[in-house]
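Protein chains: 2
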Amino acid sequence: MINKLINRIGELEAPIVVGLDPMMSYVPNHLIEQGYKDKGENLEGVTEAIWLYNKGIIDAVYDLVPAVKPQIAMYEQFGLEGMKVYVKTLEYARQKGLIVIGDVKRGDIGSTSEAYATGHLGKINIGGKDYRGFDEDFITVNPYLGSDGILPFIEVCKQEKKGLFILVKTSNPSSGEFQDQLVDGRPLYELVGKKVAEWGELFMGESYSYIGAVVGATYPEVGKELRKLMPKTFILVPGYGAQGGKAEDLKFYFDNNGMGAIVNSSRGIIAAYRLPQYASYGEKNYADAARQAVIDMKEDLKKAWVKKSV
Amino acid sequence: MINKLINRIGELEAPIVVGLDPMMSYVPNHLIEQGYKDKGENLEGVTEAIWLYNKGIIDAVYDLVPAVKPQIAMYEQFGLEGMKVYVKTLEYARQKGLIVIGDVKRGDIGSTSEAYATGHLGKINIGGKDYRGFDEDFITVNPYLGSDGILPFIEVCKQEKKGLFILVKTSNPSSGEFQDQLVDGRPLYELVGKKVAEWGELFMGESYSYIGAVVGATYPEVGKELRKLMPKTFILVPGYGAQGGKAEDLKFYFDNNGMGAIVNSSRGIIAAYRLPQYASYGEKNYADAARQAVIDMKEDLKKAWVKKSV
Numbered sequence: 001m002i003n004k005l006i007n008r009i010g011e012l013e014a015p016i017v018v019g020l021d022p023m024m025s026y027v028p029n030h031l032i033e034q035g036y037k038d039k040g041e042n043l044e045g046v047t048e049a050i051w052l053y054n055k056g057i058i059d060a061v062y063d064l065v066p067a068v069k070p071q072i073a074m075y076e077q078f079g080l081e082g083m084k085v086y087v088k089t090l091e092y093a094r095q096k097g098l099i100v101i102g103d104v105k106r107g108d109i110g111s112t113s114e115a116y117a118t119g120h121l122g123k124i125n126i127g128g129k130d131y132r133g134f135d136e137d138f139i140t141v142n143p144y145l146g147s148d149g150i151l152p153f154i155e156v157c158k159q160e161k162k163g164l165f166i167l168v169k170t171s172n173p174s175s176g177e178f179q180d181q182l183v184d185g186r187p188l189y190e191l192v193g194k195k196v197a198e199w200g201e202l203f204m205g206e207s208y209s210y211i212g213a214v215v216g217a218t219y220p221e222v223g224k225e226l227r228k229l230m231p232k233t234f235i236l237v238p239g240y241g242a243q244g245g246k247a248e249d250l251k252f253y254f255d256n257n258g259m260g261a262i263v264n265s266s267r268g269i270i271a272a273y274r275l276p277q278y279a280s281y282g283e284k285n286y287a288d289a290a291r292q293a294v295i296d297m298k299e300d301l302k303k304a305w306v307k308k309s310v
Numbered sequence: 001m002i003n004k005l006i007n008r009i010g011e012l013e014a015p016i017v018v019g020l021d022p023m024m025s026y027v028p029n030h031l032i033e034q035g036y037k038d039k040g041e042n043l044e045g046v047t048e049a050i051w052l053y054n055k056g057i058i059d060a061v062y063d064l065v066p067a068v069k070p071q072i073a074m075y076e077q078f079g080l081e082g083m084k085v086y087v088k089t090l091e092y093a094r095q096k097g098l099i100v101i102g103d104v105k106r107g108d109i110g111s112t113s114e115a116y117a118t119g120h121l122g123k124i125n126i127g128g129k130d131y132r133g134f135d136e137d138f139i140t141v142n143p144y145l146g147s148d149g150i151l152p153f154i155e156v157c158k159q160e161k162k163g164l165f166i167l168v169k170t171s172n173p174s175s176g177e178f179q180d181q182l183v184d185g186r187p188l189y190e191l192v193g194k195k196v197a198e199w200g201e202l203f204m205g206e207s208y209s210y211i212g213a214v215v216g217a218t219y220p221e222v223g224k225e226l227r228k229l230m231p232k233t234f235i236l237v238p239g240y241g242a243q244g245g246k247a248e249d250l251k252f253y254f255d256n257n258g259m260g261a262i263v264n265s266s267r268g269i270i271a272a273y274r275l276p277q278y279a280s281y282g283e284k285n286y287a288d289a290a291r292q293a294v295i296d297m298k299e300d301l302k303k304a305w306v307k308k309s310v
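Protein chains in written order, with the numbering used here: chain X, 1 to 310; chain D, 1 to 310.
I should point out that these hints are in silico values taken from the structure, not numbers from a laboratory.
Please read all numbers here as calculations on a predicted model, not as lab measurements.
Keep in mind that a hint or two might mislead.
In this list, chains with the same sequence are indistinguishable; a pair is considered to hold if it fits within one copy or across any two.
Stated by the list, open to error - Subject to a maximum C-alpha distance of 25 Å in a straight line, what follows is the list of computed BS3-like cross-link-like pairs (lysine-lysine):
hint: 1; residue 1: Lys84; residue 2: Lys129
hint: 2; residue 1: Lys88; residue 2: Lys39
hint: 3; residue 1: Lys123; residue 2: Lys84
hint: 4; residue 1: Lys39; residue 2: Lys84
hint: 5; residue 1: Lys194; residue 2: Lys158
hint: 6; residue 1: Lys37; residue 2: Lys123
hint: 7; residue 1: Lys129; residue 2: Lys37
Given only the sequences and the hints, what does the whole structure look like? Please build it.
Written as structure tokens, this is what we have:
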């Protein structure tokens, strides 16, 4: 799956993942009305609107980008009805040829991590037949519990040829409270990064490991250091755009061949119609605005990588 | 809710939470057969068996303990069908008067943490009516992303009078890989513990904060230190029994009144029938074995707290 991700990035010249984080405030009114009309003014109606919204985005961008990253919290907030739409979104994205990164940030220990891995990446055999729970291609994982928490995920990745992105340095303002604390004179995220590189050796793809890392776009100096410490680790980069990360700051996240990283944008794409530069599309044409935002992001990211691959 | 938890612990003299972590290997054969018969040999059948198993445990222990702690991973591994049984288990436990601690270990940033908080502790208003997603009384939360990740949960806790248990020092063997790293000469978990105490001041109950901590039973010296650093923080203690934590080691987790902590046991109770000392119950009487295991645990824990409250 990591090889497929890398190939698709190369084919499309787009190291871009579209974050499907459907905040209610992003969903255009006509879709809310449609959802209420089809399913009632209740949880089913709201989640139907979210499904229609996602479908519009996927239809508008699937030929431009290799992957989407649904943020499970945005579905989980609606309980079971939300989880149904999460599954429907995963299925539809895969049907359109997209790689699916589930932003689930799970993490526990031993048999519990194994259960999460089974549910999101693996399968369960009942009476000789295999069943899958959520079935993403990659998921994000939290490292706070150490190797006991991570190794069960890697076992399932090996069986399924799927992958992980482990949180190393997150993009948020307070990420430093714990992640930047100095351990033997070096920040904790470096220690986590080194561990991710070690874990990565347990399951290598052709040029990069199936076990990747999350490093925020908002701390470019950190990205530069971590790229050196984790040369075979593919990096998922949140924080571009709305959170303040700039394309030119990302050049060190990529390797000398312009590979090695994939940049996420969520509201900058899915809610592009709310930004001044795409306002002319109007709410009804939110999907066209999203498509244009992807095209513009692809161009913008060339500041970080395409020049180097010439 | 923290006041209710403390009152119930006192009334029952049982600082015990029963972990509803239904590994498939724990579920007695007669329930698997029943599940298959009722719903088919598929995901529905297996999760039906898990529901029957949980119901049996809850019926056997609800008058002895204040709370149960379903581990969501064990349900999530079965995808949507598993999540349905998670919800059904929460509802049934609450109906029986139990406080429900969802062991979900979620954690993200800003609006994403807010969405998790809404889904697990809060509510959503649609057309003037409130809807709830999973609706636990407490959940566990991962602190790796710092305050940005925690404060949105606390906001929802305040609105709902519900609580959190934030991971500080986990019970697993590799928990030290990151949690024990020295920061300014003190382990990282102490820094996290201090932060949890600070966050706790944002929402105090009568004697303890609504914002609690997870500290494993397997590191009693750590528990002793953390109790001092977090005097108003209620502690959820995993790792007793099967993982090696002993009652006599837990005395420092409790305060001078024998309060301040609640000890989890999962397989030591729900799969007690598989232990030599309860083998005579047999698989079919797994629930009676679970009840006896709770009674014995209550007695055992007196080594840690009841003597002090006399």
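For each hint, the structure was consulted:
1. In this homomeric assembly, Lys84 and Lys129 come within 25 Å of each other (Cα to Cα) both inside a single copy, at 22 Å, and across copies, at 21 Å.
2. In this homomeric assembly, Lys88 and Lys39 come within 25 Å of each other (Cα to Cα) both inside a single copy, at 16 Å, and across copies, at 23 Å.
3. Within a single copy, Lys123 and Lys84 get their C-alpha atoms as close as 18 Å, and across copies as close as 18 Å, so both meet the 25 Å cut-off.
4. Proximity of Lys39 to Lys84 under the C-alpha cut-off of 25 Å is found in both arrangements, the shortest distances being 14 Å within a copy and 20 Å between copies.
5. Taking the shortest Cα distances, Lys194 and Lys158 sit within 25 Å of each other inside one copy (20 Å), while across copies they are farther apart (39 Å).
6. Taking the shortest Cα distances, Lys37 and Lys123 sit within 25 Å of each other only across copies (22 Å), while inside one copy they are farther apart (36 Å).
7. Only between protomers do Lys129 and Lys37 lie at most 25 Å apart by alpha-carbon distance; the minimum there is 17 Å, versus 39 Å within a single protomer.
In the structure shown, no violation is registered for any of the earlier numbered hints.
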